[in-house]
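Chains as they are written, first to last, in my numbering: chain A, 226 to 877; chain B, -4 to 836.
It is possible that part of the hints are untrue.
Straight line, CA to CA, 35 Å or less: simulated DSBU-like cross-link-like pairs of lysine-lysine [what the hints assert, rightly or not]:
#1 A:K438 with B:K620
#2 A:K625 with A:K438
#3 B:K289 with A:K813
Covered by chain B, according to a simulated footprint, are these stretches of chain A (three or more residues, beta-carbon under 8 Å) [unchecked claim]:
#4 838 to 845
#5 852 to 865
Don't read these hints as lab results, they were simulated from the structure.
We put the CB at the ideal spot given by N, CA and C, even for glycine.
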Amino acid sequence: MVTLDLAKLDVRAANERIRAAGAAGEDVEVVNPDARHHIGVGLIHPINVHVRGSAGYFCAGLSDQASFEVENNVGWGLGDNMYSGSVVVGGNAGAIPGVAIRGAEIVVRGNMGSRAGQVMKAGTLCCAGNANFMAGYMMYGGRIVILGDSGERVGEDMTGGEIFVAGKVSELGSDAQLTDTAAEEIDEIREFLDRYGVSFKGGFQKIVNAGKKLRYATSERQMRSIPFFTFSGNSSYWNPKVQEDLYIKSQIGRYRIRGYGGARPLPHLSDLAFKKDLSDAGRVVDVVSKIDMYTEIGGINGANPLQLSMPVMIAPMSYGALSASTKRAVGLASSLAGIAENTGEGGMSNAQRDAATQLIFQMLGGRLGWNIHDMNRADGLEIYISQGAKPGLGGQLMAKKVTPELARIRGIPAGIDLRSPSRHPDILGADDLVIKVEELREATGYRLPVSVKLGAGRVRDDIKIAVKDGFDFIELDGMQGSTGAGSAEVIDYVGTPTLSAIIEALDALESIGRRQDIQIVLMGGIRDGVDAVKALALGADAVAFGTSAIIAGGCIACMQCHVGQCVTGIATQDPEHEARYDPEAEAKNIHRFLEGVRWQIAALTEALGYSSVRGLNRDDLVAVTPEAASITGLEYAPQYRVRGAGLEVRTA
Amino acid sequence: MSVYDINRILVPDAPPEYEDHAGQPNYVPAPCQVACPIGTDAPSYIGYIWEGNFDAAFEAITATNPFSSICGRVCDAPCEPACRRTDSDGPLQIRNLKRFVMDKLGATWEPTPVPVTQQQTVAIVGAGPAGLTAAQELADAGYEVHVHEMTDRAGGMMIWGIPAFRLPPGIIQEDVRRLERRCPGLHIHLNSALGRDVTLEELKQKHDAVLLTIGSWWGKPMGIPGEEDEHVVDGVGFLRRVNDGERPELPASVVVVGGGDVAMDACRAALRLPGCENVKVIYRRGPEEIPARKIELEGAVKEGIEFIYHTQQVAVESNGNGLVLSCVNTEPGEPDEDGRRRPVEVAGSEHTIECGMVIAAVGQQGECAELEQRDMMAADRVRTDWDSMRTDDPKVFAAGDGAFGGSTIVMAMHHGQRAAYYVKAFLQGNQNPLPYRTPYRTRRVPVAQDIMWEKFPPQHPQFFGVGENPTEFPEIESTYDWETARVEASRCYRCDAETGSPDYSVQHREDIFSMARTNPLDHAKLRGMLHKRLRIRENPFPEQRPANLDDLVFLPANLSRLVIDPYREACNVAFRLAGKLSLSHPFMVTGFDRAPHAVRASVAAGTSDADAYYLGYERPSDTAKWLQLIPAGATRPPDPVAAGAVFMYDGNTVFAPGRAMRTQVTGFGVSSMDLLPRAIDASLAQDLDFLLIDGSGGVAGDWPELTHTPSLEMLRETVSILRGLNREEAFDLIYFGGVRSGTDAAKLIGMGANALVLGAAIGFAVGGVMTGQGLQFGSDYTEEDRASATVNVIKASVGEASMMARCMGKTNLHNVEPEDLRAVTLATAKASGIPLVGRQA
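Sequences and hints are given; from them, build the entire structure.
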């Protein structure tokens, strides 16, 4: 038995000692816990941890196989995301106990706070007292046992799993219903209670999903794309796209869903030009070897940075939206090009991990596929707040794509229209977020960069929070970013353009004098080395390619990703369709595209007179539309639109 | 242009007289079109087939191809391996689709004749695909053309080289007839051989230019001992006899030497002839290298022909009853100059094959004694410069197999077009024409809308093989029926069509494709791509673009506005107008007062079902919730059954509109910016409940939204005036004009509106079609359809509006504020008063 005194040790040191004890097979006793946060997070060995007192947030979180006993009370997020193992709390638990657990057993002898078991996937959460409101909120599986009263809106929007309430069921949540209990279920609960020494003799009411919201009633008729120019520029107000939208909506009675990026033109990097005459650009044959492009991202606070051979990454895209083969191709290409790949929502498969030498692991509100083991084998951790394509809204994965395999990784029932939560259970504001970031760092020993993925909106405010909450970098995603499925209206009308996002981010950081305290990876409609160089010149530290990498790997931009029967085998989980995709061949294509990007970045950097991409700056650019000039504050110089005729203008 | 070469990145200029769209924005020729030597606009005709517009498909097919019926059956179809769907579940069956159209229309089509308009005339020697294609091009340009053909029929190798089971003679006649009808200035002189019936000197004297398309008519010898034996024949000679109608008795066993298309036709023809029991093909390389088109090879295999690969003939001799062909095995050696691995003989592998006949199909050659005499031949071809298609004689041009060696029909046609281009330049005295390139034209056909397009597998016609009476050479396969053709057509990716995404437009997509297929060491291509990508796009917001709701975006809740998940539809949308009239959502309906009765009734039913108010002069049904619209100048009080009334304000109105009942709500409606301040004053003075802002300019008229861009200024100005007076809460604002969706509604609510009126949006939803007179309603909708469409559009709008609010972290739609919005264009920022994104002024 190792005794750790938190009056003498800080939590970071204590957690290192607990992990070492776990690895060595020794049990631990924590004295003077002082309700500190993150006690025992990240444990992956069988170990008994006895906390003599009260624990703060996320006690026992992100662990597997450990058994905890906490004598008094715990703060919120008890047992966050635990796999196997157990926690017994002698007193009360704060909000969201058992959040996102995937198999653990959690017993709270007192009362528990609101949203108990939110987005849990498996395991048992038991409370001997009363639960507060919305117990079982959005749970996907597992069992909640409440010996006291249920609290309001119990089972709100639960998808799977069961809630047993011995006391009063005060109010059922949306899409929840009461159902009969089977004798063997009660026997199992009693066996569980006996095991934890909870004496109880009464009966239970059982609450399950009512199944009213899991699938859309009518399916949307799929239409192939109308050319964008028919509904932009000077096209008519009631253009063919408006009419088609009205027609479809008149059939289905709800908003349309589609995949891909924005359908409407927006002010973009394309509206900027380089000041210098670049007609010589690319004349130097081996320009790639002459320009310093190596970039480290994520190391500013001491974590091991991502090491990028050029300031480029792959944007987060999930296995789910994309087929396993496509993720493999993208991963292989990222390795060949010496850049980083990102899991997106929905977990990390072995195939993804094997394909990509540097892989960022993304955590979303549904905690789909999130777990300590994959965190440990990631090269970076990312908290998704929103994405450019559909900020403020959760992910949508249509039933056709929710295969048993995918459901297993994500820990959800197969065959539902999966609408991921748009908010994190344990991030309701900037103050929670800073503690969440700390939990991730604690659980992985401060080795990994922690980033935030953010769709552009109130960028000025958001980035100040991101920097104050200690993120190593931000993946800032303009509204031109794409998605596998989202509301067509949200894709087109929620969020702000990539061009303004970077400007607003930099302005805000400058205003608080913190530019050096966070790195910015810009994404959302960045398509080639030319866009990349403009983004870098505006002030981004790196850029990320999503859609363009997918196109390089065979996507034909038909915008039917959401249908799930992608003709090229990219945005599909149908084995017959996936078989159409040759990951090895497409990895080579994507790699060649990335090498083309590298060459373009090098050629432009050289032609602009620099030996390193870090030389690029705002003075290299002008704006050629009034909008771009107003958005960026760059000189409005429409004469640069015409290259050939620009020679005289440029010297004037 | 090869599919991904630099010409696709930096498109060379096309001759101005050519119809060509390759350099235009929103268009990049599809891989199939680029792979076609004559630039056939396959995507367009495939699109037309799906639409059932066969005439237009026919036009697209035949525009550059005088031998479309022939090509529909026997083109080697380089488009198909280029098809992007090849990598998925198999290429579009482009040739079969062409055949489908030609079988439908080819025999009866009457082309419009192109008159002769030029003084100069051109002579062409040889009526094969190169010569006749050139003839059509020249005739189209107005020249009189005289074609001299040594045989008794036009068609060249198409008629003499391809057996009837693949290409029935009637098909060739069909194309030739159409060509002759189209070109009255085209004169084909049959049985007129160069050197025998006419001399080059005569042609040069009579005409202003001469084009030699003499073909590659004679089989090459194998160059092995014993091939003079009478049982050894050359492939093209053999096919010529058969195609002339002969059906000679063959020995039981036949060996064909070679792996090209002639070998395929020869072996399959032999198999059908009397006496022949088995046919073997020997080829010196492997099955991967065999040049025969895949479909011919498969056909031959299906018919029972045996292929012996890696086998080289070395000698042939007679053994009394038949032949003994001595062979050796080969293995792949070092690559030769064309990149293929040279077959190397394997020592000790000598063996023999016995047979009754050997058909040598190892290549063809051109021959012409007269040209030989004039020293115009280089070995077996007319000496010709590819860049000008000229021979050594400045007035004489050459093209086709006879100039550049054996190739395909479609390549010969390309030669004909290319030669005609340079002949025309010569005739017009243009010394330095732009280098020829195939023109790429698009007809911008809408994309097929079959939801199964991603799933349908390739549709194959029925294969008949040799048939019941092989010697009659019945056709080997069927043509599509309409249903099958349509399925196949729907499979097309339509690589030519513009995408629905401006950021990943067809140009961008193709550039990314090209980058993904560029060797990192291919400096020229990398540089070409960089310079193309440096080009600046057109301003997507041209000066003339008015302020538009589309150019407002919402600011989502992120880190700064986190709240507990407003999951799914949990957002309050109800509203009490003026604190009196309970609206379960902010949408009303208007505009159907003068619509046909049935339409008005069904929209009224749907409006009621959706629990929405109808705004109009008359109550559309006995149960409708109705806000009465009262024209300017009228002074009568509202109908007691109305929930309220909107008095249209004309500036002269000084009355206080009365209320029939205390529960009724009352307000003015104002349709112009000029009247707005006074209408606001009047509303305030009379303490009215609401103001209807008519951004359409004429809510009282018929479908005003269709002809006016909605005014955002009026809403902004109203809010601004009320704010200036510190009376923002004095009355509610109802907005009408161009509301198309819940998104538009949420934006307008953000700008200050409390309720929105849908007009044209409902009109379109219930099947309205825009005409010069507003919306017209057809008979393809039932009343139930229209009622449910009305309900659905209102429901969808409510859903969309609440979704927008939820994205912003709101739990009540009416909490959307101007601060939740940004403009992305200056015009919209100005009109709406919403700031532009980006750097703040």
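Status of the hints after comparison with the structure:
Of the supplied pair hints, the one linking A:K438 and B:K620 holds, its CA atoms being roughly 31 Å apart against a limit of 35 Å. The suggested pairing of A:K625 with A:K438 holds, with an alpha-carbon distance near 16 Å, which does not exceed 35 Å. Restraint check for B:K289 and A:K813: satisfied, since their Cα atoms lie roughly 27 Å apart, inside the 35 Å limit. Remark: the segment 838 to 845 of chain A is not confirmed as covered by chain B, as 0 of its residues place a Cβ nearer than 8 Å to a Cβ of that chain, below the required three.
Evaluation of the coverage hint for the segment 852 to 865 of chain A: fulfilled, as 6 residues show C-beta separations to chain B shorter than 8 Å, against a requirement of three.
In this structure, only the earlier hint numbered 4 is contradicted, and the remaining ones agree with it.
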